Each structure stands twice: as C-alpha cells, then as structure tokens.
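This is what each chain is made of:
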Amino acid sequence: MILEVKNLNKKYKDFQLKNVNLSLPKGMIMGLIGENGAGKTTTIKAILNIINTDSGEIKIFGLDNKKEEKKIKQDIGVVLDDSFLSEYLNPMDINKIMKNFYQNWDEKLYFKYIEEFKLPKNKISKDYSSGMKMKLKIAVALSHHPKLLILDEPTSGLDPVARNEILDIFQDFIQDEEHAILVSSHITSDLEHIADYITFINNGEIVLTKTKDELLDRYGIVKCSEQEFKKINKADYLKYKKNRYEYEILVENKNEFKRKYDIQIIDKPTIEDIMLIYIKGEK
Amino acid sequence: MNIIISNSSNTPIYEQIKEQIKNKIVSNELKTGELLPSIRSLAKDLRISVITTKSAYEELEREGYVETIPGKGTYVANKNIELIREEQLQKIENLIDTAVSIAKISNISKQEIQNIIEILYEEEN
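Taken in order, these protein sequences are the chains called A and B.
Note that this note's numbering numbers the first sequence so that position 174 is 161, with each residue one more than the last.
Numbering-wise, this note's numbering comes out as the position in the second sequence, counting from 1, plus 723.
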C-alpha cells in the first residue's frame, strides 16, 4: 500500500470524520467522492498533516505521516484548492521558488510540462484561464518526481476539454506502476472512466470503498412499482428512493437479485446514481 | 488493432475487451507470439481503469489465449490454434444440435436444413 488511513477521527463543532479507513495500492487511481462538505478535503488535509487529528493512523509509503512528514513530503505532489502560490507569479518565478523547496525539483521536467500544457512562461497566473491555472498547479505538483499525487477537486470549474486533458495527465502519471493518485471530486463522471477505486464519503463517514468495476458491473438500480417493492426483502437491497412514479432500489448484486425476484428493469448504475441513492435514499 | 468499447452496454468492459482480443486471436489478426499492449498503456488509450484491463488479460490468460512473462509483457500464446479450433467446432456442433432438435420436432427434413446452411454460407461470401 502506498497510502493507508486507519480509524481516522477528527471532531469539529459541527462536523466530524468518523473512523475513516482507506487504502490505496501503488499503480492505482482512487477517486474520493462525496457531496460538498462530506469530508473529502478534511480527509486529504489530515493525510497531509495540515490539520491535527483526534485519533487514527496514517501511513504513506509505509511511514507515519507525522513522524516522517519531511521525508514523505519530498515524494508527494499536492494540488489543493487554496493554492499556496501567489497569483502574481509567472511560471519562471515559480521555478525559482520551488527549486529551493524540493531536493528533487527537476527544472527541465517542469518546463517540459509548461510547454506541453501550453502555459505562457512570462504571464502571471492571475491572467490564466481556470484550466490553465489548474494545469500550472499540476505541473508544479509533478516536477519533483513524486510517487504519490494527491489532488483536491482538480477538475471542478473546468470545461470538458480541460478536464479531459487533466485526466490524460493522470493516466500518463500512473504508467509508472510505482505511482499512485488520490483524487477527490464531486464530478463523478471524470472518475467513472479512469479511477481504479472509488471511495465514497458521506457525512464524515466512508460509505463504501471498492474497485470501480465492482460498483459498475455488479451493482444495479432496480426500478419498480410500490406493490413490487413491498415484496422485496429488506436484506436484499442497500437503499431505496421513493419517487413520484416509481421506486428506485440500489442492489449490491444485480444478477443475484434477478434470480430471486421477477422484476424487469435493473439498470447499470453510474457512480452518480449510486451516490444519489445513498445520500437521498432510505433503508 | 481496433478495440471498441461501449460504456452503455450491459456487458462489463473487461469482458468486451476480452472477447474482442479473443476474436482477433481466433481470426489470426493477432498472431502467436505477438506482444499485446501493456495493461497500463491499454488502459490509458482506452481511457479506462487499469484494473479493468488487468481483469481482461487475466481471464485471457486463464483461458490459455495469452501468456504473461513477468517484467516483459503479455504475448499471444502459441499452443492454442488447434485448441481454439476445437472449441469453435464444439460451439458449432452445439448450435447445430439445437437446430436439429427443432427440425425434428417440427418435421423439417435434413435436406431443408442443409439448404439453409448453404444459403447462409453463400450470403456470408
């Protein structure tokens, strides 16, 4: 495991992370999904030791994230919402600053990315489009040869073309199987393609963490009438949502469900469907 | 090599990949000993998860169509052409068996079935 979080707890006045567990093997991309305020950013900040935690253990590259913070951080690339770089810097200035920051800072690689992403070298980033700003952050995050990339909402606010380009960058990054990515997003369609694992956090708790294929290939959304719904055993579904004209029921194994019940419509879910039924549904 | 994936299909993506590669091996478009793309580059090019391409390759390996040499890559396995032919023949036999049963129940003659096969064959060409 390149990243392991065990029983992480953090209590705030009006919000708390409850027993958060996740593990990310190397070579893989994990998508951390959940609505705004669900705890995605708090989890990421705890992993990066930016906030204090109440209890729990976090290991990165097998090392404790607090005790070995300095060592670990040399090998992590981070993209957070609140950039620590001033918007009044251009890529040239940023290079000078980062050179002193990271032992492994690779100037050549950095400018290769700047060129590849078509970022104007002498323009301050304040004048960049949002897509360009994000690409600049990613270029900075990648240029000290990190093994683990942690990104908080890298695609929010970007148009489909820019989002697509960023997903390409991610898939390039994990061509090296020693690498891994943890990426949070509420735009689940981005992760639907490239993520290997999906971890869904709701209200400070991990609701599920699974391979994406398991979610998309095994889970199903049953649609039926009220009469049909009443015949279904509670143990056979995860959550249901009563709509005006139908019931929507999330089941863990659609083929098993098909064998048991005579219900015609079982759709293949999207990650968004699963998320919505979990958040809005009942049991 | 073309691999075409449908996201809206009910067939899992790994299975779509597996079937398509299998067809290419059977039809000899992919030849014995040929190197397949790595799971990572295939995932990237198809814009899918690494786990998905990995499952597809693992299944192909289990069924004997490909061979993975650690550190080198995945190759089309060699012994299999005969075996694959055998498998395909078996499939054909089963399908024709079904056809024959239906024919017998409904009093359709052997000649008529043979005619159907002739016609279908011609159409294919």
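Check the hints yourself; a few may be wrong.
Claimed, not checked - Derived pair list, reagent style BS3-like, types lysine-lysine, alpha-carbon separation capped at 30 Å:
1. A:K255 to B:K833
2. A:K241 to B:K814
3. B:K747 to A:K99
4. A:K226 to A:K(-7)
5. A:K13 to B:K745
6. A:K113 to A:K53
7. B:K833 to A:K245
8. A:K13 to B:K777
9. B:K747 to A:K255
10. B:K777 to A:K241
11. A:K197 to B:K833
12. A:K113 to A:K83
13. A:K(-7) to B:K747
14. B:K795 to A:K245
15. B:K833 to B:K814
16. B:K745 to A:K245
17. A:K218 to A:K255
18. B:K777 to A:K134
19. B:K814 to A:K134
20. A:K267 to A:K241
21. A:K99 to A:K120
22. A:K134 to A:K32
23. A:K46 to B:K833
Unchecked claim - Incomplete in silico selection of chain A near chain B, CB under 8 Å:
24. Q158
25. Q162
26. A182
27. T196
28. K199
29. L225
30. K255
31. E259
Claimed, not checked - Rough simulated footprint, nothing fancy, chain A against chain B, three-plus residues with beta-carbon under 8 Å:
32. 745 to 755
33. 819 to 833
Calculated directly from the structure, the hints in this document are not laboratory data.
All values derive from a computational prediction rather than experimental measurement.
All C-beta atoms in this analysis are idealised placements derived from N, C-alpha and C, irrespective of residue type, glycine included.
Verification of the supplied hints:
Distance check on the hinted pair: A:K255 and B:K833 sit about 44 Å apart at the alpha-carbon level, beyond 30 Å; violated. Between A:K241 and B:K814 the CA atoms are separated by roughly 28 Å; this keeps the pair inside 30 Å, and the hint holds. Using a Cα cut-off of 30 Å, the hinted pair B:K747 and A:K99 is violated, with the two alpha carbons roughly 38 Å apart. Between A:K226 and A:K(-7) the CA atoms are separated by roughly 26 Å; this keeps the pair inside 30 Å, and the hint holds.
Our distance criterion of 30 Å between C-alpha atoms is met by A:K13 and B:K745, whose separation comes to about 29 Å. At most 30 Å may separate the alpha-carbon atoms for a hinted pair to count; A:K113 and A:K53 exceed this at roughly 34 Å. Using a Cα cut-off of 30 Å, the hinted pair B:K833 and A:K245 is violated, with the two alpha carbons roughly 39 Å apart. For the suggested pair A:K13 and B:K777, the alpha carbons sit about 14 Å apart, so the restraint of at most 30 Å is met.
Restraint check for B:K747 and A:K255: the C-alpha separation of about 28 Å stays at or below 30 Å, so the hint holds. For the given pair, B:K777 sits about 23 Å from A:K241 by alpha-carbon distance, which is consistent with the 30 Å threshold. Taken as a hint, the A:K197 and B:K833 pair is broken in the structure, with Cα atoms around 54 Å apart against an allowance of 30 Å. Between A:K113 and A:K83 the CA atoms are separated by roughly 18 Å; this keeps the pair inside 30 Å, and the hint holds.
Under the criterion of a C-alpha separation no larger than 30 Å, the hint pairing A:K(-7) with B:K747 is inconsistent with the structure, at around 45 Å. Using a Cα cut-off of 30 Å, the hinted pair B:K795 and A:K245 is violated, with the two alpha carbons roughly 42 Å apart. Of the pairs offered as hints, the one joining B:K833 and B:K814 holds, with about 20 Å between alpha carbons and a cut-off of 30 Å not exceeded. Proximity of B:K745 to A:K245 is assessed by CA-CA distance (about 29 Å); at most 30 Å being required, the pair is judged to hold.
In summary, the hint linking A:K218 to A:K255 is supported, as the alpha carbons are separated by about 22 Å, within the 30 Å threshold. About 21 Å separates the Cα atoms of B:K777 and A:K134, which keeps this hinted pair within 30 Å; it holds. The straight-line distance between the Cα atoms of B:K814 and A:K134 is roughly 48 Å, outside the 30 Å bound, and the hint therefore fails. Using a Cα cut-off of 30 Å, the hinted pair A:K267 and A:K241 holds, with the two alpha carbons roughly 21 Å apart.
Straight-line distance between C-alpha atoms of A:K99 and A:K120 comes to about 16 Å, which keeps the hinted pair within the 30 Å bound. Proposed proximity of A:K134 and A:K32 is supported: the alpha carbons are some 18 Å apart, at most 30 Å. For the given pair, A:K46 sits about 71 Å from B:K833 by alpha-carbon distance, which is inconsistent with the 30 Å threshold. Of the supplied interface hints, the one on A:Q158 holds, with its beta-carbon coming within about 4 Å of a beta-carbon of chain B, less than 8 Å.
Hint on A:Q162 holds. Least Cβ distance to chain B is approximately 5 Å, under the 8 Å limit. A distance limit of 8 Å between C-beta atoms decides the matter here; for A:A182 the minimum to chain B is near 6 Å, and the interface restraint holds. With its C-beta approaching chain B no nearer than about 14 Å, A:T196 sits outside the 8 Å limit, and its interface hint is violated. Satisfaction of the interface hint for A:K199 is found here, the shortest Cβ-Cβ separation to chain B being roughly 6 Å, below the 8 Å cut-off.
For the restraint placing A:L225 at the interface with chain B, the shortest Cβ-Cβ distance is roughly 20 Å, beyond the 8 Å limit, so the hint is violated. Here the hint on A:K255 is kept, as its CB sits about 6 Å from the closest CB of chain B, short of 8 Å. For the restraint placing A:E259 at the interface with chain B, the shortest Cβ-Cβ distance is roughly 14 Å, beyond the 8 Å limit, so the hint is violated. Coverage of the region 745 to 755 of chain B by chain A is violated in this model, with 0 residues showing a Cβ closer than 8 Å to a Cβ of that chain against a need of three.
Counting residues of the region 819 to 833 of chain B whose beta-carbon sits less than 8 Å from any beta-carbon of chain A gives 0, not enough to reach three: the coverage restraint is violated.
Checked against the numbered hints above, the structure violates hints 1, 3, 6, 7, 11, 13, 14, 19, 23, 27, 29, 31, 32 and 33; every other hint is satisfied.
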